[in-house]
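**Q** Chains as they are written, first to last, in our numbering: chain A, 1 to 486; chain B, 1 to 263; chain C, 1 to 193.
For the record, the hints were derived by calculation from the structure and aren't laboratory data. Keep in mind that a hint or two might mislead.
[Claimed, not checked] The following label-pair restraints were derived from C-beta to C-beta distances: (1) A:Glu167 - B:Trp232: 50 to 58 Å; (2) C:Ala33 - A:Gln103: 25 to 33 Å; (3) C:Tyr188 - B:Leu33: 52 to 60 Å; (4) A:Lys130 - B:Ile90: 49 to 57 Å; (5) A:Ala126 - C:Met104: 42 to 50 Å; (6) B:Ala219 - A:Lys130: 46 to 54 Å; (7) A:Gln132 - C:Ala33: 31 to 39 Å; (8) C:Tyr188 - B:Ile25: 42 to 50 Å; (9) B:Thr29 - A:Lys331: 56 to 64 Å; (10) C:Ala105 - A:Glu167: 23 to 31 Å; (11) C:Ala105 - A:Gly121: 52 to 60 Å.
Computed from a predicted model, the values in this text were never measured in an experiment. All C-beta atoms in this analysis are idealised placements derived from N, C-alpha and C, irrespective of residue type, glycine included.
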Amino acid sequence: MKPIVQVEKLRLAFPGSKNMLFKDFSVSFNKGEKVLILGPSGCGKSTFLQLLSGIIPGSIDIPCRAEALEIPQEWGYVFQDPDAQFCMPYVDEEMAFVLENLQTPREKMAERMEELLSAVGIRLPALHTKIQSLSGGMKQRLAIASVLALKPEVLFLDEPTAMLDPEGTKDIWDTLKKVGRDKTVIIVEHKIDHVLDFAGRIILLDGNGNLMADGTKGEIFARHRTELREQGIWFPGVWEEYISQIPAGSKSIPANGKEVISLSDFKGIHGKEVKIHVDDLKVQAGEWVVITGKNGAGKSTFLHALMQFIKTKGNYLLKGKRILKGVNPAKEVAFVFQNPEFQFVAGTVYEETAFSLRMKGLEEGNIAAMVENTLRVFALEKQQHLHPYQLSTGQKRRLSVAASIIADPDILLLDEPTFGQDAKNTFAILDKLEEFRKKGAAIIMVSHDEQIVEGFATRVLAIDHGRIIKNEYILESERAGMTCTV
Amino acid sequence: MYIEWSPKETWLHQINPSLKLLVIISLFTVMLLIDDLNYLFSFTIAVLLLFILFTGHPFKRILLFSIPFFVVFVSTSFTMILFGKGETTILKFGLIHITEESFYRGLLVGLRALATAALGLTFALTTKPVLLFYSLMQQMKLRPAYAYSFMAAMRMLPIMAEEFQTIRHARKVRGWEGKKGAGGFFRKISAYSIPLLSQSIRRAHRIAVAMEAKRFRMAGQRTYYYQTGFSWNDVLFIGYFLVVLAAGYYFSAEWPYFKQVNF
Amino acid sequence: MKKSMKLTEILITVMIAVAFGLVYILWGTLYYALKPLGLQMDQFIYGMWFIAAPVAFLIIRKPGVALLAEIAAASGEFLLGSAWGLTILLYGVVQGLFFEFVLMAFKYKKFNIGVMILGGLAAAAGSVIMDYYYGEIGSLSAWNLTLFMIARFLGGALFAGVLPYYLVKALEATGVTNLVRPATDKDYDTLNQ
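Please construct the entire structure, taking both the sequences and the accompanying hints into account.
**A** Spelled out as structure tokens, the structure:
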């Protein structure tokens, strides 16, 4: 059988780089195959997908050459960022954009849109709905619907769920499995829970774009577990492995821990609406509080209220000091943003790490020692002269945490710090946070990961419709019990 | 600011957007040529009438939108009134020298600014940007690559505004404060613009790649989801201004509101 | 360098320009607050309204970018319903065109601070021509007009020449501009290792 997608002896190098990313790389795909490409972040998986679809060099100019290159006639590409693949403000207009490109007659557009949207399970009261009002999962489904308009034989999926919560991730894979059944599907993804019963073949790349393995999923998982772990891939069981090596008894809270946050009848107000209302909550030093809840439940808003980004009412004591209007709690509380880029204030990784220490007015000698130590601990030494923006997503996240905790704040708030990270990086961050907590800090973080609750949280707060609906301590024995059942 | 809380659609909404744009640009040019305060005054009243009666917004909101007009009027006319050339002195106080000529010319410049502001806002309040770009593609042969780039950029504005807010919060959290002086000013500007710009560039790049992945071609043929054309409202719009310009000219000669001043 | 713009480049230009449109609106508030003070202090900050052109050009480095950016920024402000929108739209065309002329004179091959300052001065000249007709500035008393001119041109050089030059330099340090810089022959040579 003639392959539907094929590349032989591919050579590719990023502009400005002295080494090739792919050197004489060959691979082919048969019609109807479902293939998962795995590899560490930065190994060129996405680049490879773009090359197979012709986006490179068609839309992106990257030096490359191959002895043979077979690109599918009809293909569709789903990108990872839901906000960066639409050009129009409304659902119908975005769909129309694709249909116009295909020169669909105007009279047939509405019918075609209905057809495509129902294929991906989007039911809207009106086609003319703002895309910005949709959830991330819905946006990705819309992206899939647009792609289906192209009647693709081959689907390229470039981490389509990287920016989605667990619920959205499951939804998208259910949709993709349905619409991709009779197509060739080539997938790049590091959250592979839902992909494994879909993809039959796995291609494993190393950090330099070399082929490490190419085989059935059974073969790969049997023979290459170590490589998968080293590359930070979320293969089944990796969480359990990680959690099982946490020493028992680590989840204790110091008995006489000081109360660092005390709230009563505390309201966070945005516009004129009360977005979060906490009747009574006390947090001690040494606690690790995980906040869970659906999208839009008020989790981030709660953190924003604690940071005084929004107007608040009620009693808010921070280390016994009352926080009144106009007081900036940032002296005691550090905050790690969801997008680390926005919080970087310096021009190099080193300076970024040193920033909070400089603000505190420490001596230059002490600063240098502390910064060097922190950079080593967070594995950012080699990057210290780079601009923070030039780091990989994982490195950026580590830097944002490093720069936030270096000055030893008493309280650390984090908004989904492990979101979109690979396994290796997630575990590295959790290790650092746990160390930081053991030194006596309180951690409050928003997270969707149940495993973090299981492995690290000393308490869970569930928020729904702006109210705390669950406030439970998690005892050590419970965790032990849970890990036993795995 | 095409207001999302759907105002009543009026005949101004029905006018072909390209034609509406061309007409208001021509009117702007005509205004540059009007040096007669009386004539300009009539014209301004005519523009304000459209703005107040036919943008489809409730009166309260119209009042709110008009606040900047007066800022524009006052601030534009004052410089000329206080520091303009002239012979017939009304008041002299240090550097300030108000003359009859400078006073009238000040009013003229202020009215011109006010009428322009009202014209522009009337357009913005009655024109959906998406329809404007569809019309520019269909009637003015604007290349789709430009039209869709604009529409994509407009879609990103609220997201950018949100990001700007996040950056402000982040600076607060990190304890970052701008310093005084020119260096401080530059650092403050780059502290906000570098993250926003780099994010915008990357996002624009991704959107462009996604657009081409959806088979957008620079030179490709296409159909249009929104069909824009012409109607009697277009004739009415042009007719309205022709009558206003003619009548204003007549009134300024026959029944001037202000004393005629020769500059 | 003579190649026409690709979709990516048009989209990036328009996107950053529209973002500057927002800055222009905020700037307008500042400008009109300074204006009634007289003495032409406001004219010094006027140059900010030319900044989209040099920033976009320094990033994309192609013909037409400066003009497109200035028009796009002004359209953004216009469509968002700024009271100064229509004026700015028409001024924007002229200012962008004047900036573009300077770049053209250097065959779009010079990206140094000197050329940017010249561009800023040219844009200022374009705006002065518009003001001659629209704002009747010819009728200002001589001392006031002199002050006006000095402030406008100085501001143009500073806000549309010096500032964008260093801004884009800082942006280049983040590495993001590599996205739009075309691959060189040397980059292709890497494939022959």
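**Q** None of the hints should be skipped; say for each whether it holds.
**A** These are the hints, each one checked on the structure:
Distance hint check for A:Glu167 and B:Trp232: the Cβ-Cβ separation is about 52 Å, which falls inside the suggested range of 50 to 58 Å. Distance hint check for C:Ala33 and A:Gln103: the Cβ-Cβ separation is about 51 Å, which falls outside the suggested range of 25 to 33 Å. Checked against the hint of 52 to 60 Å, the pair C:Tyr188 and B:Leu33 passes, with Cβ atoms roughly 57 Å apart. Checked against the given bound of 49 to 57 Å, the beta carbons of A:Lys130 and B:Ile90, roughly 55 Å apart, stay inside it.
Distance hint check for A:Ala126 and C:Met104: the Cβ-Cβ separation is about 49 Å, which falls inside the suggested range of 42 to 50 Å. Range check, B:Ala219 to A:Lys130: Cβ separation about 31 Å, and the 46 to 54 Å hint is violated. For the hinted restraint 31 to 39 Å between A:Gln132 and C:Ala33, the CB-CB distance of approximately 32 Å keeps it satisfied. Judged by the Cβ atoms, the range 42 to 50 Å given for C:Tyr188 and B:Ile25 holds: they are separated by roughly 47 Å.
Under the hint 56 to 64 Å, the C-beta atoms of B:Thr29 and A:Lys331, about 58 Å apart, fit the expected range. Take C:Ala105 and A:Glu167: their Cβ atoms lie about 58 Å apart, and the range 23 to 31 Å is violated. A C-beta distance of roughly 58 Å is found between C:Ala105 and A:Gly121, which places it inside the suggested range of 52 to 60 Å.
Hints 2, 6, 10 from the list above are not met by this structure, while the remaining hints are.
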